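Place chains F, C, A, B and L on chain W using the hints.
Protein chains in written order, with the numbering used here: chain W, 25 to 277; chain F, 25 to 277; chain C, 25 to 277; chain A, 25 to 277; chain B, 25 to 277; chain L, 25 to 277.
Bear in mind the hints are in silico, worked out from the structure with no lab data behind them.
A quick note: this is a predicted structure, and the numbers were derived from the prediction, not measured.
Beta carbons are placed, not taken as given, at the ideal position from N, Cα and C, and that holds for glycine.
Some hints here could point you the wrong way.
As the list claims (entries may be wrong) - Derived lysine-lysine pairs resembling PhoX-like cross-links, with alpha carbons at most 20 angstroms apart:
#1 A:Lys94 with C:Lys226
#2 C:Lys226 with A:Lys226
#3 B:Lys94 with L:Lys226
#4 C:Lys80 with C:Lys269
#5 C:Lys94 with A:Lys226
Stated by the list, open to error - Ranges of calculated distance between the beta carbons of each label pair, as one might list FRET restraints:
#6 W:Glu235 with L:Ser42: 48 to 56 angstroms
#7 B:Gly183 with L:Lys226: 18 to 26 angstroms
#8 L:Lys226 with W:Asn95: 29 to 37 angstroms
To be verified - From the structure, some residues in chain L lie toward chain W, with a derived Cβ separation under 8 angstroms:
#9 Val48
#10 Leu51
#11 Glu54
#12 Phe92
#13 Ile99
#14 Pro100
#15 Val101
#16 Gly102
#17 Gly105
#18 Arg109
#19 Phe112
There are 6 protein chains.
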Amino acid sequence: MKLKDFSNWLDKLLDPKSFKDYCVDGLCIEANDQVTKVVTGVSFRDRLIDAAIEEKADCILVHHPNGFWKNEDRIPVGHYGERLRRMFQNGISLYGYHLPLDGHMDIGNNALIAKAMGLSVVDGFMFEGEKPVAVIAEFDTCVSKEEFLACAEKAFEHGVQNALLYGSNQIHRVAICSGSGASGIEEALDLGCDAFITGEIKEAVPITCEELKFNLIHCGHHRTEIFGVRALADKIQNELHIPAKFVDLDNPI
Amino acid sequence: MKLKDFSNWLDKLLDPKSFKDYCVDGLCIEANDQVTKVVTGVSFRDRLIDAAIEEKADCILVHHPNGFWKNEDRIPVGHYGERLRRMFQNGISLYGYHLPLDGHMDIGNNALIAKAMGLSVVDGFMFEGEKPVAVIAEFDTCVSKEEFLACAEKAFEHGVQNALLYGSNQIHRVAICSGSGASGIEEALDLGCDAFITGEIKEAVPITCEELKFNLIHCGHHRTEIFGVRALADKIQNELHIPAKFVDLDNPI
Amino acid sequence: MKLKDFSNWLDKLLDPKSFKDYCVDGLCIEANDQVTKVVTGVSFRDRLIDAAIEEKADCILVHHPNGFWKNEDRIPVGHYGERLRRMFQNGISLYGYHLPLDGHMDIGNNALIAKAMGLSVVDGFMFEGEKPVAVIAEFDTCVSKEEFLACAEKAFEHGVQNALLYGSNQIHRVAICSGSGASGIEEALDLGCDAFITGEIKEAVPITCEELKFNLIHCGHHRTEIFGVRALADKIQNELHIPAKFVDLDNPI
Amino acid sequence: MKLKDFSNWLDKLLDPKSFKDYCVDGLCIEANDQVTKVVTGVSFRDRLIDAAIEEKADCILVHHPNGFWKNEDRIPVGHYGERLRRMFQNGISLYGYHLPLDGHMDIGNNALIAKAMGLSVVDGFMFEGEKPVAVIAEFDTCVSKEEFLACAEKAFEHGVQNALLYGSNQIHRVAICSGSGASGIEEALDLGCDAFITGEIKEAVPITCEELKFNLIHCGHHRTEIFGVRALADKIQNELHIPAKFVDLDNPI
Amino acid sequence: MKLKDFSNWLDKLLDPKSFKDYCVDGLCIEANDQVTKVVTGVSFRDRLIDAAIEEKADCILVHHPNGFWKNEDRIPVGHYGERLRRMFQNGISLYGYHLPLDGHMDIGNNALIAKAMGLSVVDGFMFEGEKPVAVIAEFDTCVSKEEFLACAEKAFEHGVQNALLYGSNQIHRVAICSGSGASGIEEALDLGCDAFITGEIKEAVPITCEELKFNLIHCGHHRTEIFGVRALADKIQNELHIPAKFVDLDNPI
Amino acid sequence: MKLKDFSNWLDKLLDPKSFKDYCVDGLCIEANDQVTKVVTGVSFRDRLIDAAIEEKADCILVHHPNGFWKNEDRIPVGHYGERLRRMFQNGISLYGYHLPLDGHMDIGNNALIAKAMGLSVVDGFMFEGEKPVAVIAEFDTCVSKEEFLACAEKAFEHGVQNALLYGSNQIHRVAICSGSGASGIEEALDLGCDAFITGEIKEAVPITCEELKFNLIHCGHHRTEIFGVRALADKIQNELHIPAKFVDLDNPI
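The shape of chain W in the complex, shown without the other chains (with noise of 0.2 angstroms):
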């Protein structure tokens, strides 16, 4: 498939023009004008490099492009510099999606979160730009603080890292925010949700949710962000019929 075509089916399917987003959100390197087949993973690295040449990729589809988050300066020397060399000398182009594989409401990280753990989305919330990265969703019936952890010890291969249950022991509605989404935690409670789901979380949050008396969980911030790229690697291969394989290199944080 050409460059160009892939480029327009991903911007179709992610509408990167309706968030306001911190990143390059599409072509980040341009280094061949075909895709024939697409590695994916959740950040850039080395590692996924050496995985895309070995797997002769074309093309690295990443959540977390690394080298092209605002004011960074980009100048291609050094460890940035090799790694961009690696990419051309083996024509490995590079695409990043970050807030738009967030809140897609079909391969979202948190709809995908959503449905792994058994919860149906309702809404989505936290809105950047025009779209919500993040979503709403419930449970047919409340379930309890112990329920609910075995949902997401279920949902995620590596479990919960920090169980903040200070809230009801009733939990119904949900807020889920993939990576470091605690920020949200105020506005899930105007929404009316019983407890929270996240990846990464900074010192004051226990405290909040404590005083707030709220639940909390949160799971990592890489492991709760490879749903969005695995679906995408999927549907690429289904739709496209261009060989696509998602990568996982693990990450404890």
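Positioned in the frame of chain W, the structure of chains F, C, A, B and L alone reads:
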């Protein structure tokens, strides 16, 4: 002791004017003109106020003066208003010392972590204003990764949260920055360090350590910051003869 | 009455969201969950707290919420801390309404000055946000400068501070902006006004009036702003049946 | 005298480069290459141009160079254009000296007010740039509030506008800042002053004086600023032998 | 004609409010209340004032209102003061119209260049505010590079300064932006243009044209901007019956 | 030679840290760890990459590092991506030195223009950071305008583009600023210069020269900036014994 005299003693000891901080360093709430009993803790929070009331303290001193960070509105309504109300009604003043309690060469978090690890401080780094907030410290001889981890497991009651040991197996020179200090990795490498100890890290840090071939462990934001406020309670009691007690409200982050 | 209900009643009446103000408009200090007696005044100050304590009030409402202007630090120490301490220890909450109490078409300072002068309000001007803070008002017939001054001497208990009557002797249409409102002179001229009433002026204003051949009187910043808070005390008493008293602590400026 | 030489004489005397001012300090309108007769006044205004024309002056020197403040547009149309037209058509240049004429230790407003009050200047304060704009001055012995007021009534032709005498009855050390100078109150208190003299104050100042227990009088913005330009006219006449006349166009503010 | 009426006629014709310009558009110097004779020119300069004086004009109208660009200080001293002095002493007002005289679809520089080249304007582009400043124009049939150059040599009295003809030899659709307009190259390419006409270019432009394979000629900043002010002189004379003369003070740039 | 050593040699020679520049000064693209053959040119462009490939060079050094100016995005896609791809695939690194190659007192553009004109450099001016980018140079004796022009026609292969000789006919002291340097005219006049040599000028410059009665010639932006990169190629070859070749891709601007 008069509050004014206590303020002067603290400012002379901790020298907040030399640091460029992003919170109030010093007196945050003036609710009493005397200091007769002090409670110290890592973070200002409801349960620390409970503890102070129970201890009949008239002064709280913390490392994280929540409510007194730059850009906070400080309108005394809602949860923040409730905290102020309890402080004023119980006549309890609040002091916050943030970066000065990280960087102090005697009772700062980093100097005390070095001591607990069996390291000797040789220098400061990561300047914020005129003074450094982190330390460089050295073992008497090189230690292996295993020995390094063993020291850390001993120094921190709750142990090491993640060990990202991608660097040399000869560890002699160690950078220490409590809390969320990994932004100092490149400076530490430039200064010839073999390893880094910090509290809390973000998702990009394991990738950086792997690609720069560096050793880093993190042991919790809170848990690396109990050292300073604990030592300060002792110092207040010993030098000023004011009863002072460190209250540890553990935080997994 | 519950504080929350009182807040809602005030916000509905005064509509602070329509104004672009440079202070808090609404609840400033939440020191009680009930409102059983209200004291109103122009400016938040120690003697108004004395009055509230004496009146056994649990709520103060002011036009100038000192301590709650934009860019104030609000660290509760020193004089500001002492004010907060007294409010919390006596269980007295504070409300501030600034521009909404200038521009309200019924109980705002400017509408009430118009009424006291024998003028009929015909329009608003000097928009701050979506609503005007000042009014245009007309006499039934043209009045002379002498008659205009006589109306003002009657409307303001302490009289006119300076009469800069460089304009027409036929005064029909009058701009009114309480406080420090002379920045509206050019807009008032464009709108066909013959005279301007305000509170406090700067050194350049007499020169401007002379050179633009305009009539302006000023009657004191404080003294043009007792109208709104006085009327609001009456309205609270009459409509909510909560005892409410306007306390006038005169200010020559 | 050549305009260039006159400019040099003024700049050497008043040293505008040492002040951080918010208007032009120096030549504002160059309409003549000679200076043969000078008119001085507090503020640049139409009637001062009238006076200069009547006096056949070719130079006006003011303390308030209206039209030459920072952020003014200076498009020579309308009223400002008309002023420029008259200056150019009558060959009258304009000089403005603002802060340098407040802070000058010999012919500045504040030093001269001190002299008129029977005070001896001991120091400067309220630095703007490298030099102070206000002075600290002392009586030979302590005076009572009544004696202090009596001195002021004598020093200022139009007397005291408001006397806010909430401080000590033993007045020895006095801060003086002409114009709108009350922002210096806290600095004056820190410097041990017993009273403050200024020109124009805002609504919050009487409250501040009362609550900080301080003595302050204000005597008019204009009326505290006639001293410098009046003395400068004398100095020009005496030292340069250029006819120079201070024209007082009184302003109640 | 009264100046005020002339201003209104110009503003109605040229609609400056629709453009986001970086200079005054409209009356710049008001030195006369009448307009009886007009001189137009590209740039405000001493020799244009000479010409106006010689022509006994009381109004100058220019495309480049030097002295009235954003961020100019406009202190009327030195060379700028001398220009103002001459304007006021000779009673000559100044108008500037910058972007409105580039983009006007009838008497703007770009529309008139199109006409002189034998092109028909089909659209505007390069919006500044609500209106475009440049035009897209088309030949009836495709022309070769040679024919294109021949048209330009005919349309511009002083010919083409540089012909950077790296594009197609079939030229049908041409972008025109007078002055320094090459920043519009990429927009012109997106809009399907085969060539670009502008006035003045920077060092990078020949490289851009070569690498993007585009045709561009530039004919001088001044020389592409005589069209509008020349046509406006005619229009003033014909429609308002005020004598008006375009004075061409050639400029090689 | 190792790239790192070559970088050090260049930085020592050209001292980029002393200049406040608006592009990268130093290594821009690191595509090889060795330097065995160098191509220099004025501007980074496709044809210079062609030349480097043809010369089998592994290093390009330019004065204008296009792609590496401040505020450029540097997303390696499209035309910029294509340039990077060719550099990486051919193992060619890029260095840019901008202001340091204008201001160097031995091999800078301006010092070399002085030498070619028969002038002796006496000083630097137009500081950007700690160092000047332009030079003041003097003839042994005064020359006439004709002689001055003759020197310039000899010094610049393509001659003088415009001679704006409105100043004195006695030319002794000459300011030289290659590229687009006319913003230094007023500083040059203050420094007593009789003439100015630069590369590229804007429309206002001929008017300024005429009105300030100054002599200025400009000889092309590119053409005044071949001196430094040409001399640097020679110096690299002579001192480091690395083959180095200046490639002149002429540019009329």
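Note to self: Run through the hints listed earlier and report the numbers of any the structure violates, in increasing order.
What the structure shows: none
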